[in-house]
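Undergrad: Given next are the chains, with one letter for each unit.
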Amino acid sequence: MPDSSRFWELAPTELAPTDDPIGRFLAEIETVSGTTVRLGPAELVGEITAQLAAAGAHRVALTADLGDARAVLAQALAEAGLHVSDYEQIAGDRDLVRTLDATVTGCLAGVAATGSIVTGGLAGRAGALVAPTHVCVVEARRVVDGLSTLMRLAPRLGAGSMMALQTGPSRTADIEKTLIIGVHGPKRVHVVLLDGVLAA
Amino acid sequence: MSADPLTSSTFAQRARVQLAKPFVRQAVPRATDNAVKDLHARFAHHDYDGLRELGREIRSRTIAELDVYLDRFATALTANGVQVHWAADAAEARGHIQRICREAGATRVVKVKSMATEEIALNPALQADGLEVTETDLGEYVVQLDGDTPSHIIAPIIHKTRGEIRESLSRVAGRELADDASELTGFARERLRDAFMDADVGISGANFGVAESGTVVLVTNEGNGRMCTSMPRVHISLMGIERVIPDLDDLAVMLPLITGAGTGQLITSYVSMLSGPRREGEPDGPESMHVVLLDNGRRALLGTEFQDVLHCIRCGACQNVCPVYRQVGGHAYGWVYGGPIGAVLTPLFRGQAAGGELPHASSLCGACDDICPVKIPLHDLLLRLRRQREDVGEAPRGERMAANLWAWAWSSPWRYRVLTRVAGNGVRVIAAAGLVGRLGPLARWSRGRTLPLPARRPFSRRQDRDA
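Line order of the protein sequences matches chains V and S.
The numbers in the working numbering rise by one with no breaks, and the one at position 14 of the first sequence is 15.
The numbers in the working numbering rise by one with no breaks, and the one at position 57 of the second sequence is 99.
Simulated from the structure, these hints should not be mistaken for laboratory data.
Watch out, some of these pointers could steer you wrong.
To give a feel for the contact side, a few chain V residues facing chain S, derived at Cβ under 10 Å [stated by the list, open to error]:
hint	residue
1	A54
2	I91
3	L130
Being a predicted model, the structure only gives us computed values, none of them experimental.
Cβ coordinates follow ideal geometry from the N, Cα and C atoms, glycine included.
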C-alpha cells in the first residue's frame, strides 16, 4: 500500500497537490484521442443530441447509470429521429447489440491523473464497448485525483461484479507498431463533463 | 503437433535462423526502443526508481507468504460466486478447462492474450476436443492464423512485417486486403466481432489477482479482454499462483508499473476488474466464472535462491532492453518466454537439461535489472542458473573441465603466476603467427572477438618490483 504522503511524486497516475483535477482529467482524455466538453445541466441533452447526430448515429442505447436523466434524454433523442433503447432491454439480443451505432453511459468515477472513466457491471459490462461511438457523462463531483484514491473508494462505488477503467478509445499497435484507434472497443469516445448532477 | 524447439534444437541453431531474417533485426530494436523511450518520458517528472521499489516490496511481501494470500484470494473469489480450481501442472490445468467447457456444452471459445495459456499449450488440447478456439488479441489472432507462436510477451507479432500480416488476413478474407494497418485492423475487428458474439466460453489470463476483494484484473488496449469477459456465458481465467497481490491499494502501485514498463503508457485503454459472474440486476456478463490457479513449477521455487523470479509481472520490459533478445527475437529462446526472463524461467520450469543453455544467451550487462519494474535481480539469477547447470552436471564436458582447470590454477599463487606467464607468452606467439582464427574449439569464440595482446610485463610483477 502506498502509505507515503508523497506517493504522487513517484507515480504519474497520481495528481500533484497543485494540479486542477477537472482540467487535468479533460486534458488527459484529449491526449489519448478522446474528445471532451464541459457544460451545465441545461445544455446536456442538446449536446448529446448534437454529438450523436455528428457521429451519424441512428441506433443508440442508454445505460441505467444515467439515472433520472435517462428518460429525458431518451425522449429528446427519439424526437430527433433516433432509435433509442435502454441497454438492459436489448443486452440479451446479440443482433440488436451488434447494430448499435452509439451508446450513452454515465459513470461511477473519473480519474483526473489518467483521464480514465470508471464504469460498473450494474450498468452493464459491454454497453460502453460494443458501439463505434461512446458518449460518457461524468458528473464533476465524481472526478477523483488519482488511482490510489480510486482504489480506496472502489469497494464503496457500487460497481457490481465488474469495475472497469477505460481511457480513450480502444487501440492497437500490433502491426509494425503503427497506432490504430478503434479495435474491439469504440473508435470514438466523447466525455461530457457535467457541472451538476444527472437528474430529470 | 510439431517437435518441441527447445529440445530438438540448440539456442545457436535457432538464433542463426532468426539472425538470417533482416526484418527481425530491424523491427525488434525499433519497436523496443520506442517502448523504452516512452517509459522514460512517462516518468520524466516522476520517480520510476522509487515506484519500482514499492512494487518490489509488494511483490516480495506477497511471495514470502504466498499461501496466506492465495487462501485469502480463493476465499474471496468463492464469496464472489467464482469457482476456484487448483492445478498442480499444465495437464491438470488443461483438464480443468476442458472439463468446464464440456460441462457448459460449449462449441466456441474466444481467448484473451495469455502467456499462461501458452505455457500450458491450451489451444491444441481444446481443439482436440472439437472446440473452435479464436484468439482475439489482433497479434495473437495473426499468430493463430499462421500456426506461429508469439515472440514477445506483450507484442506477439513484433517479428512480422505488415506484408506478412496482410497475406495471412487476406487468406481469411478470401480477397486481397490493402497494405494498410488501419484496413487490416478493421478487417480483423469485423471478423472477431462475430467470434465474440457467438462464443460460449471466454478464456483469459490474469495480470493480477487481488486477494482482499477476490478480483481478477485484466490490462488490455484493444478491448478484447472486456468483450471476452462480457459476452460469453462462461468466463475462465487461468492465473499463475504468483500473480496474487494483497489488496486493491496495491493496484495503485502495480498498474502504473505494468503499463509503464510494458508499453510506456500512463494506463492502458482498458483495465477490467472482475469480481465474479453476472449478479442479480446486471444486464450482461457471464453466468459463471472460474479461476484456475496454476502451479506448474512455481511453488517449488519458494524458499530457493530463485524465489525472486516469482515477483515477475510479465511486462516484457527486460526483453525490450536485452542486447541479445533485440538481435535474435523471442523465437530463438525456444519456449514461451524469451529474453532475460525467459532465460531464467525456462530452465526453472522445463529443467536444466532442456533450458540450461539459455542463461548463457546473455552478456550479463544488467540492463534487465535496471528496467525491471519490480527490481528482480535477473542477472544474478542468470549467474546462479549457470552455476546450477554445473552442479547438476548438465554443462558440456569441455566447459566443466575448463572450469575445473581454472579453479585449480587460481587456487594457489605460484600456479597462478606460472600459468599466466605461460598463457601470456603463448597468446603472443599465437597472435604473431596469425593463428587466432584457427584455435580448434576456440575458433568459434574468436570469430566475433579480437584477442587482446597481454602486456609484456604483467601488472602483478610490476607491483612486486615496486613494493
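Undergrad: Is the shortest C-beta separation between A54 (chain V) and chain S less than 10 Å?
TA: 24 Å, violated
Undergrad: Using Cβ atoms only, decide whether L130 (chain V) comes closer than 10 Å to chain S, and label the hint accordingly.
TA: 5 Å, holds
Undergrad: So, I91 (chain V) near chain S? Judge it on the closest CB pair being under 10 Å.
TA: 9 Å, holds
Against the hints set out earlier in the document, a violation occurs for number 1 only.
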